[in-house]
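A.B. asks: Each chain is listed here by its residues.
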Amino acid sequence: MKHRWAMAIDLDRCTGCGACVVACSAENNIPVVGEEEAAKGRLMHWIRVNRYWEEDSPSARAVYLPVPCMHCERAPCEIVCPVYATYHNEDGLNAMVYNRCIGTRYCANNCPYSVRVFNWYDYKWEKPLDEQLSPDLSVRSRGVMEKCSFCVQRIRRVKDKAAEEGRKIRDGEVQPACVQTCPPGALVFGDLEDPDSEISRLFRDPRRFRLFEHLGTEPHVVYLKRRKGAGV
Amino acid sequence: MSGEHLLARTDEAQLFRDLSRSNQVTTWRWFAGMGILALVLLWGIGVFVYMMMTGMGVTGLNRPVFWGVLIVNFVFWIGLSHSGTLISAILRLTHATWRAPILRAAEAMTAFSLLVGALFPLIHLGRNWRFYYTIPYPNERGLWPNMRSPLMWDAVAINTYLLGSLTFLYVGMIPDLALLRDNSTGWRRRLYSILSLGFRGTHAEWRRYRVASTFFAILIIPVAVSVHSIVSWDFAMAKVPGWHSTIFAPYFVVGAIFSGIAGVILVMAVLRRVFRLEKALTPLHFDNLGKLLCTMSLLWGYFYFTEFLTVWYNRNPEEWEVFRSYGKSFLPVFLLMITCNFVVPFPLLCLRKVRRSVQAIFGVSLLVVVGMYSERVLIVVASLARRNDPFIWHNYFPTWVELSITAASFAMFAMLYMVFSKIFPIMAISEIKERLFHTTERSIGSATAEAIARVEEHGEGEGK
Amino acid sequence: MSGVVVIGLFDGVEKAARAGKALRSLPLPAGNITTISGVPLPDGAVCEDPRPIRFPRVIIAAWFVGALAGLGLALATYLLYPLITAGKAIVSIPPTLIVTYEIAMLFALMATLIAGALEMGLGRFKARKVHDPRIHEGKIAVCALVEPGEQARRAAGALTEAGGTEVRVEEGEL
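Protein chains in written order, with numbering that gives the first Met the number 0: chain Z, 0 to 231; chain R, 0 to 463; chain D, 0 to 173.
Hint data in this document are derived by calculation from the structure and do not stem from the laboratory.
Model, not experiment: these values are computed from the prediction.
By construction, the Cβ of each residue, glycine as well, lies at the ideal position given by its N, Cα and C atoms.
Just to be clear, a hint being listed does not mean it is correct.
Rough simulated footprint, nothing fancy, chain Z against chain R, three-plus residues with beta-carbon under 8 Å [as the list claims (entries may be wrong)]:
{"id": "1", "region": "43 to 55"}
{"id": "2", "region": "63 to 74"}
{"id": "3", "region": "114 to 126"}
{"id": "4", "region": "142 to 152"}
{"id": "5", "region": "236 to 249"}
{"id": "6", "region": "381 to 393"}
Short, incomplete list of chain R residues facing chain Z, as computed with Cβ under 10 Å [unchecked claim]:
{"id": "7", "residue": "Leu60"}
{"id": "8", "residue": "Arg129"}
{"id": "9", "residue": "Phe130"}
{"id": "10", "residue": "Tyr131"}
Take the sequences, apply the hints, and build the full model.
C.D. replies: Okay, here's the thing in structure tokens:
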């Protein structure tokens with residue numbers, strides 16, 4: 000059963016609330032680095048919400064752009080890892096193998112979207128915060144790269160359940176934490192191999208564009224352009 | 000006097016004593032110097048262990064500047080290593096008559112700066128203790144390293160260059176080791192006997208030795224060029240604006256030769272002073288090295304201008320933001336680089352007076368080394384700090400951890416050199432003697448000139 | 000080769016050349032006469048070396064062996080555990096060329112050292128090789144491999160006549 004997981008982000012609906020960031024951090028055992036480390040540029044968020052100002056004036060509007068890992072078909076991060084710690088798997092995901100990573104950080108340098116984050120320290124979860132850690136994935140040691148995995152643990156759980164029950168995966172059954180949480184429903188996730196899925200429809204939407212499309216990375220995340228005009 | 004060669008007029012025993020002074024007498028100053036350097040090195044090692052146990056967070060690195068001073072050091076030391084092999088190899092192949100006193104120190108510099116530089120890819124790893132994942136050995140995981148990664152090309156190339164230049168240094172020393180063996184006693188005699196492999200200087204040995212030396216010189220030049228091209232491809236292969244440029248390979252090679260020649264001049268000036276080698280290392284040698292340095296400064300300026308011109312003309316937004324930052328956040332580094340690489344050295348090195356004065360050319364070479372270091376800082380840091388997505392732009396400044404490790408690398412280089420100069424001949428005594436053997440004084444009219452004989456190859460000359 | 004070595008020290012190339020000529024006219028085959036000197040002397044100045052230099056062929060062969068080894072290394076790392084990276088082919092040609100080239104150069108460099116040392120006869124510490132440390136004072140030693148007895152005496156005589164000092168007959172090899 001072949002899959003091609005992809006995500007669409009509707010910029011008309013995104014309010015920049017940041018709930019996706021919080022949900023992702025909760026789901027994926029992502030440490031909270033603290034204010035000082037964040038000021039040094041050491042945030043560990045797997046999905047971030049970029050904020051751009053439309054113009055340099057007091058009445059400028061903010062544009063919000065959630066940026067998860069693009070899971071590029073031609074991922075520049077995969078080819079520069081000297082130890083195959085990141086590669087492309089059969090489901091079209093850019094896989095990250097924490098145990099193999101030796102921390103050269105070349106993949107982070109080669110990602111034009113800068114979605115890869117590095118474990119600068121061994122982060123601690125003081126009791127009782129360690130009870131919030133998800134057992135479905137590891138807590139990464141220092142010196143290891145990590146990034147958004149499209150909540151691969153949830154994908155795997157749904158795949159196992161569907162295989163058990165002897166059926167195909169239904170559209171909308173797999174929901175990464177960010178997609179599940181987004182209050183206005185700006186994030187949509189699904190399988191491009193299913194031609195009737197919501198995501199396949201959105202990939203054909205005339206509003207769709209890819210970030211840094213000219214770089215030829217062929218990302219699996221598309222954005223739906225914000226419509227300008229009255230009331231928006 | 001015109002027929003007899005200069006070697007016949009030299010007291011060879013005295014020449015030997017003069018040139019091997021570093022091997023004979025060890026003063027308290029050597030021990031004091033080694034002591035201070037050892038302290039710096041030990042401090043650096045301690046800091047490295049601290050970084051390994053605590054995490055890379057103790058450095059100044061961040062997102063997006065994931066590579067900083069440690070990688071700059073890597074490129075810097077590998078660049079310096081291009082000195083010896085290129086000078087030694089090229090001067091050998093072109094039969095440059097002034098090469099003899101420079102060879103050994105230049106080849107040693109190559110070997111030691113390579114040894115130091117090759118450590119940095121291991122130092123900057125996030126999980127250093129798992130470095131062996133990059134070694135292709137059969138393992139139960141069945142996993143092999145990814146040869147498509149420029150870092151693996153680095154591993155292969157630097158390994159080849161390191162083994163090659165160590166061998167080049169060693170083979171170049173064999174006749175001198177035989178000379179030392181015949182002139183020493185005790186543990187030194189035993190060491191030199193083993194290392195000289197029983198070389199005596201028979202006709203058959205010399206003939207084959209010349210062929211081997213020539214082959215080394217021919218082989219090491221393409222290796223040296225390929226090594227720094229591959230180091231440059233660590234950057235050029237990336238999708239980072241300011242890195243992804245086809246000019247990187249020749250640009251880095253030229254920059255490496257540039258910094259390498261400056262390094263050789265620095266080392267030669269120090270050796271000349273410390274071991275009183277004024278008679279062997281004359282202003283003529285510094286003059287010629289200065290001319291080479293002048294040429295490389297011009298070449299470096301040419302390459303830099305070419306790169307700047309294409310980006311400036313095109314104003315491709317991603318690359319232009321990087322170059323714009325040279326005029327803003329990175330202005331001090333940019334000015335330092337331009338001044339120390341071109342604006343000051345090039346005009347000064349055009350002057351004969353500067354080239355012939357050992358102090359002046361020492362100063363200029365020091366500027367060049369500083370300038371080349373800042374050039375690499377600018378390349379590595381500025382491009383990452385102002386890359387594709389403006390939302391995550393962030394500046395970088397090294398912390399005491401990185402600076403300590405940098406200082407320790409300089410200390411290690413100096414220590415390796417000091418130990419080498421104590422045990423091994425830092426002057427290529429056999430080559431110097433060979434030059435004197437081929438040199439006669441010829442009178443042309445009322446003037447006298449030095450004539451250097453070269454044995455004709457078969458086929459040269461007019462139908463004999 | 001059975002025989003003894005007759006060796007004498009000479010004060011300059013001209014005297015050594017006369018000694019070389021004298022030894023050749025004894026007659027002695029050119030391959031049995033050699034010099035030991037602190038600087039290399041041009042071929043034919045005092046003696047000739049008729050044996051061809053063979054080890055460059057080993058160096059060239061080693062380059063090709065190294066190229067094959069590099070190719071094998073690259074192909075093995077690709078094919079033993081094929082993983083897709085950046086949508087590139089599993090067997091990527093440009094990196095293969097780089098690795099092949101580097102390993103080839105490595106093998107060639109090591110072959111230069113090893114084959115060169117072997118052909119020079121270096122590293123044979125047990126052998127009794129004739130040597131005189133006074134060559135480092137500017138003297139040139141001329142030596143010849145001779146039959147013990149009559150030939151040795153004639154050779155020694157020729158060396159002494161040509162102006163040699165410390166002429167002696169020793170056990171050992173050239």
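A.B. asks: If a hint holds in the structure, say so; if it doesn't, say that too.
C.D. replies: Verification of the hints:
1. Using a Cβ-Cβ cut-off of 8 Å, 3 residues of the region 43 to 55 of chain R lie near chain Z, which meets the minimum of three, so the contact claim holds.
2. Coverage of the region 63 to 74 of chain R by chain Z holds [criterion: at least 3 residues with CB-CB distance below 8 Å; count 4].
3. Remark: the region 114 to 126 of chain R is confirmed as covered by chain Z, as 5 of its residues place a Cβ nearer than 8 Å to a Cβ of that chain, reaching the required three.
4. Interface restraint, the region 142 to 152 of chain R with chain Z: holds (9 residues with C-beta to C-beta distance below 8 Å; minimum three).
5. Coverage of the region 236 to 249 of chain R by chain Z holds. Counting CB-CB distances below 8 Å, 4 residues qualify, and the rule asks for three or more.
6. Restraint check on the region 381 to 393 of chain R versus chain Z: 8 residues with Cβ-Cβ distances below 8 Å, three needed, restraint holds.
7. A least Cβ separation of about 8 Å between leucine 60 of chain R and chain Z falls short of the 10 Å threshold, and the interface hint therefore holds.
8. Hint status for arginine 129 of chain R: holds, given a least beta-carbon distance of 5 Å to chain Z, under 10 Å.
9. Because the closest C-beta pair between phenylalanine 130 of chain R and chain Z is about 6 Å apart, less than 10 Å, the hint holds.
10. With 10 Å as the threshold, the beta carbon of tyrosine 131 of chain R comes within range of chain Z, its nearest partner Cβ sitting at about 9 Å, so the hint holds.
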